[in-house]
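Top line first, the protein sequences correspond to chains A and B.
Position 131 of the first sequence, counting from 1, maps to 131 under my numbering, and the rest follow consecutively.
Position 252 of the second sequence, counting from 1, maps to 252 under my numbering, and the rest follow consecutively.
Source of the hints: derived by calculation from the structure; they are not laboratory data.
These numbers were taken from a predicted model, which means no experiment stands behind them.
Treat each hint with caution, since some may be false.
Quick partial rundown of chain B residues pointing at chain A, CB under 10 angstroms, derived from the structure [unchecked claim]:
{"hint": "1", "residue": "Leu-122"}
{"hint": "2", "residue": "Leu-256"}
{"hint": "3", "residue": "Ala-328"}
Glycine included, every Cβ here is placed at the ideal spot set by N, Cα and C.
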Amino acid sequence: MLSLLPQFVVTGLLIGSVYALIAVSIVLVFKATRIFNFAVGELLALGGYFCFSFVVWWHFPLWLALLGALMMAVVTGFLVERLVLRPLLSQSLLTIIMATLALGVLLRGLMLMIWTGYDVAFPKNLLPGRTVLVGDVAMSHELLWAGAIAVTSFAALAFFFMKTNTGLRMRAVSEDHELSMACGVNITVVFAVTWVLAVILGTLAGFLMGYRLSLAPSYTPLLALKAFPAVIFGGLESITGALVGGLVVGLIEAVVGGLIDPNLGEISAYVLLLIVLFIRPEGLFGLKRIERI
Amino acid sequence: MWRPCGTFDDTYEKDVTIMRTAAQWAVTIAGLVLLGLLPFLLGGGLITTLNLIGVSVVSIMGLHILTGLTGQISLGHGAFMGVGAYAMMMLMNLTGFSFWLAMPLAVLTSGLVGLFFGLPSLRIKGFYLAMATLAAQFIIPWTIINVRPDLTGGTSTLTVDAPNLFGFAFSSQQRIFYLVMAFAVISVILARNLQRSKVGRAFVAIRDNDLAAEIMGVEIFRYKLLAFFICSLYSGLGGCLLAVWMGAVNVDSFLLHESIWYLGMIIVGGLGSVPGAVFGVVFIRFLEIVSQSIGPPIAGFFPDAIGAAVKSGISPFIFGLVILLFLAYEPRGLAHRWEIFKHFYRRWPFSH
Numbered sequence: 001m002l003s004l005l006p007q008f009v010v011t012g013l014l015i016g017s018v019y020a021l022i023a024v025s026i027v028l029v030f031k032a033t034r035i036f037n038f039a040v041g042e043l044l045a046l047g048g049y050f051c052f053s054f055v056v057w058w059h060f061p062l063w064l065a066l067l068g069a070l071m072m073a074v075v076t077g078f079l080v081e082r083l084v085l086r087p088l089l090s091q092s093l094l095t096i097i098m099a100t101l102a103l104g105v106l107l108r109g110l111m112l113m114i115w116t117g118y119d120v121a122f123p124k125n126l127l128p129g130r131t132v133l134v135g136d137v138a139m140s141h142e143l144l145w146a147g148a149i150a151v152t153s154f155a156a157l158a159f160f161f162m163k164t165n166t167g168l169r170m171r172a173v174s175e176d177h178e179l180s181m182a183c184g185v186n187i188t189v190v191f192a193v194t195w196v197l198a199v200i201l202g203t204l205a206g207f208l209m210g211y212r213l214s215l216a217p218s219y220t221p222l223l224a225l226k227a228f229p230a231v232i233f234g235g236l237e238s239i240t241g242a243l244v245g246g247l248v249v250g251l252i253e254a255v256v257g258g259l260i261d262p263n264l265g266e267i268s269a270y271v272l273l274l275i276v277l278f279i280r281p282e283g284l285f286g287l288k289r290i291e292r293i
Numbered sequence: 001m002w003r004p005c006g007t008f009d010d011t012y013e014k015d016v017t018i019m020r021t022a023a024q025w026a027v028t029i030a031g032l033v034l035l036g037l038l039p040f041l042l043g044g045g046l047i048t049t050l051n052l053i054g055v056s057v058v059s060i061m062g063l064h065i066l067t068g069l070t071g072q073i074s075l076g077h078g079a080f081m082g083v084g085a086y087a088m089m090m091l092m093n094l095t096g097f098s099f100w101l102a103m104p105l106a107v108l109t110s111g112l113v114g115l116f117f118g119l120p121s122l123r124i125k126g127f128y129l130a131m132a133t134l135a136a137q138f139i140i141p142w143t144i145i146n147v148r149p150d151l152t153g154g155t156s157t158l159t160v161d162a163p164n165l166f167g168f169a170f171s172s173q174q175r176i177f178y179l180v181m182a183f184a185v186i187s188v189i190l191a192r193n194l195q196r197s198k199v200g201r202a203f204v205a206i207r208d209n210d211l212a213a214e215i216m217g218v219e220i221f222r223y224k225l226l227a228f229f230i231c232s233l234y235s236g237l238g239g240c241l242l243a244v245w246m247g248a249v250n251v252d253s254f255l256l257h258e259s260i261w262y263l264g265m266i267i268v269g270g271l272g273s274v275p276g277a278v279f280g281v282v283f284i285r286f287l288e289i290v291s292q293s294i295g296p297p298i299a300g301f302f303p304d305a306i307g308a309a310v311k312s313g314i315s316p317f318i319f320g321l322v323i324l325l326f327l328a329y330e331p332r333g334l335a336h337r338w339e340i341f342k343h344f345y346r347r348w349p350f351s352h
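Given the sequences, and given the hints that come with them, work out the whole structure.
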């Protein structure tokens, strides 16, 4: 049994990279707008469905389909920010949580109406490559692609935040809304960019999840909820934390699921979440908040 | 509070009473009598819906206390209902307890489980607490399905016997109506009175500013745990009644989806108000029926495959839309509208 451990570790880390994508998407939005996006699962499934429609319904080549799905992600992100969340900025916590939950339910209804409740799957030969064997460890091509796409997106994000003006503005906004407005940052543009980025990451994750398993309005969003433990584990304010958290959640899920019980693997992420909340509520890389009246 | 003209509080008892005038008594009694006669006046389908509304009212009182009064967000309400329902089912089916013995024990079980998942509220709040309750929402159904499927039935549906009171079996929807409504009325009265007590004021103080409340001498942790406990008692009772209403338990009735709908009900109704919570339940349950009944005509415009999809998707779509509209345009909910109406009525014919 233990000889399978390297296999589970590698699989877990590769799946974890997809969770990390979702977790980073959540943290991005939270840092900029103080909104925790509970609708991330539905946004992700929506992205996966756009991809699916381009590939299967209209027979686009993959690169064009992905590009199209990302364009749709830009539109969706912009609409979500403008129509749903801008009116609710700086509202009470429950209002914001409920707004994103309601958005999730609405999107789920929309997906049920357009793509029906049945599972749909991408053709399995969509991405080139085959299962790679390193020693005893098998890595399926969809997981390798997932890891590669995730790493590329993280590199692009890091470049964006470190080297571009918009990235700098976004970092400023995440520090302090009013101060950055006083320094001439157009905060509404930053919010829009943040949401667009978040939905793009979600779409990538949705495509990877959908390609690995399948897409269904009832099932795919729940996969994304596993990114919540990742976010809490890393700390809500830290992108690095989200990355590490995603990998850890993937790892724990695969190792517990593989070595102990597949059913236990499914729930292990949430048990981890509870333990983290009990012991270190601000997460691994999060900031302790000092409150005053 | 605004009261009808000529009503003065000349004793302390009059100041704290809920029923202030003879007219209020008359309306209340007439309302209760009407409630008692409803099964004779209405058709079976509507009674089934009213029963579901009654069950939801019992359950929503818990969420009203936890989220509306104490400001602690719970995404695990559906799961706590499940604890109550499954505990009662197991006590009745496995140990042969009667409903009247199994139900209180199940309610207590649910309360204790809620207490456990409320423990993180010692250190965390806001998003983090929502996360902890979300974890409960996943862990509890998982436990029901996987740990002892021989006892809980796993994902399959297990039947629950109809409760029996002195030979009167609550076996049909018309009969269950009396059981459910009795519990609903009692729950509402208890919640309303809790809200006016010292405990209720402590809850509201924690909601409005927990640090300030602590400095004023409210033991935050104790009251937060108490709120979780009371909330889970109500949701456990709601779960038991739901099991009676369905005559069975199935884990599908207690998933995240349900928790979101319950949160939606108190949003639509208006946070922190008992009548609001009841309005919210009634509004959302009827919205559900309306959206299901407009589904087929709309689906008729589409080819079969798409039509079926539209039918299944329209209910969540409308629910999400309504919640978003309420949040944006009437964040104080139906309770606020009700207050406006009452003010208008009491001051009529003067506009202000």
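Status of the hints after comparison with the structure:
1. At a threshold of 10 angstroms, the smallest CB-CB gap from Leu-122 of chain B to chain A is about 9 angstroms, leaving the interface hint in force.
2. With 10 angstroms as the threshold, the beta carbon of Leu-256 of chain B comes within range of chain A, its nearest partner Cβ sitting at about 8 angstroms, so the hint holds.
3. The restraint placing Ala-328 of chain B at the interface with chain A holds, with a minimum CB-CB distance near 5 angstroms, inside the 10 angstroms limit.
Of the hints listed earlier, there is not a single one the structure fails to meet.
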